[in-house]
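Engineer: For reference, the chains in residue letters:
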Amino acid sequence: DTGVSQDPRHKITKRGQNVTFRCDPISEHNRLYWYRQTLGQGPEFLTYFQNEAQLEKSRLLSDRFSAERPKGSFSTLEIQRTEQGDSAMYLCASSLVTGFRTEAFFGQGTRLTVV
Amino acid sequence: DQQVKQNSPSLSVQEGRISILNCDYTNSMFDYFLWYKKYPAEGPTFLISISSIKDKNEDGRFTVFLNKSAKHLSLHIVPSQPGDSAVYFCADNFNKFYFGSGTKLNVKP
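Residue numbers (this note's numbering), protein chains in the order written: chain Z, 1 to 115; chain H, 1 to 109.
The reader is advised that the hints may include incorrect statements.
[Claimed, not checked] If we take Cβ atoms under 8 Å as the criterion, some of the chain Z residues that face chain H in the derived model are:
id, residue
1, 41
2, 43
3, 52
4, 53
5, 74
6, 78
7, 88
8, 101
9, 108
Because the hints were derived from the structure by calculation, they are not lab data. Just so we're clear, the structure is a prediction, and the values are computed from it rather than from any experiment. Quick reminder that beta carbons are idealized off the backbone N, C-alpha and C, glycines included.
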């Protein structure tokens with residue numbers, strides 16, 4: 001399977017704990033995105049990378065959230081001191097940007113539940 | 001500031017009929033639009049896209065129309081099938097992707 005892979009698929013954590021999610025994009029894709037989705041809403045932008053550089057981070061993202069993409073390959077999203085409001089589906093997507101607009105391919109998502 | 005809006009949260013159609021899903025956008029700089037389909041507990045799947053140099057793009061049963069003067073796009077599904085039942089998101093690609101809130105389509109057998 002050469003699609004976008006996310007791990008874990010589900011995570012239940014206690015409030016105040018730290019969690020880390022991993023995303024493996026499609027190998028030749030240079031851009032990687034993180035989104036968050038809650039019930040009844042569309043995917044909400046969190047951050048994106050062009051290769052290893054983090055180009056933009058949502059203003060809505062608190063300092064408890066951090067993302068990395070070392071060597072421009074896989075990416076991790078860490079949430080520190082989780083809160084119940086962090087419960088959501090976290091989606092990773094990747095695309096190949098060559099100067100022309102193109103679609104992004106999404107992973108299956110990581111469902112986070114903070115109890 | 002919602003850049004892309006889907007004002008109909010749900011739509012129900014009979015199998016074999018046409019489904020029309022609508023989307024409005026606010027930023028005139030937007031020039032590449034996409035539709036995604038999402039099943040529960042899965043990530044969104046790309047369906048069809050359109051560039052602003054066109055006003056129509058077809059792919060099988062799916063056609064997307066773009067009206068730049070009205071800042072409006074629509075997705076037509078003809079004929080609709082029960083397997084099309086899902087949540088549909090319109091999106092724009094301008095560096096990142098802006099998504100609407102989605103329309104839940106139910107195709108009744």
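Engineer: It remains to establish, for every hint, whether it holds in the given structure.
Structural biologist: Do the hints match the structure? See the list:
1. A least Cβ separation of about 6 Å between residue 41(Z) and chain H falls short of the 8 Å threshold, and the interface hint therefore holds.
2. A cut of 8 Å between beta carbons decides the hint on residue 43(Z): the least distance to chain H is about 5 Å, and the hint holds.
3. With a cut of 8 Å, the hint placing residue 52(Z) at the interface with chain H is violated, because the nearest CB-to-CB distance is about 17 Å.
4. At about 13 Å, the closest approach between the beta carbon of residue 53(Z) and any beta carbon in chain H exceeds 8 Å, and the interface hint on this residue is violated.
5. Because the beta carbon of residue 74(Z) sits about 16 Å from the nearest beta carbon in chain H, more than 8 Å, this interface hint is broken.
6. The restraint placing residue 78(Z) at the interface with chain H is violated, with a minimum CB-CB distance near 20 Å, outside the 8 Å limit.
7. Nearest Cβ of chain H to the Cβ of residue 88(Z): about 13 Å, over the 8 Å cut. The hint is violated.
8. Checking residue 101(Z) against chain H: minimum C-beta separation of about 4 Å stays under 8 Å; hint holds.
9. Because the smallest distance between the Cβ of residue 108(Z) and any Cβ of chain H comes to about 5 Å, under 8 Å, the interface hint for this residue holds.
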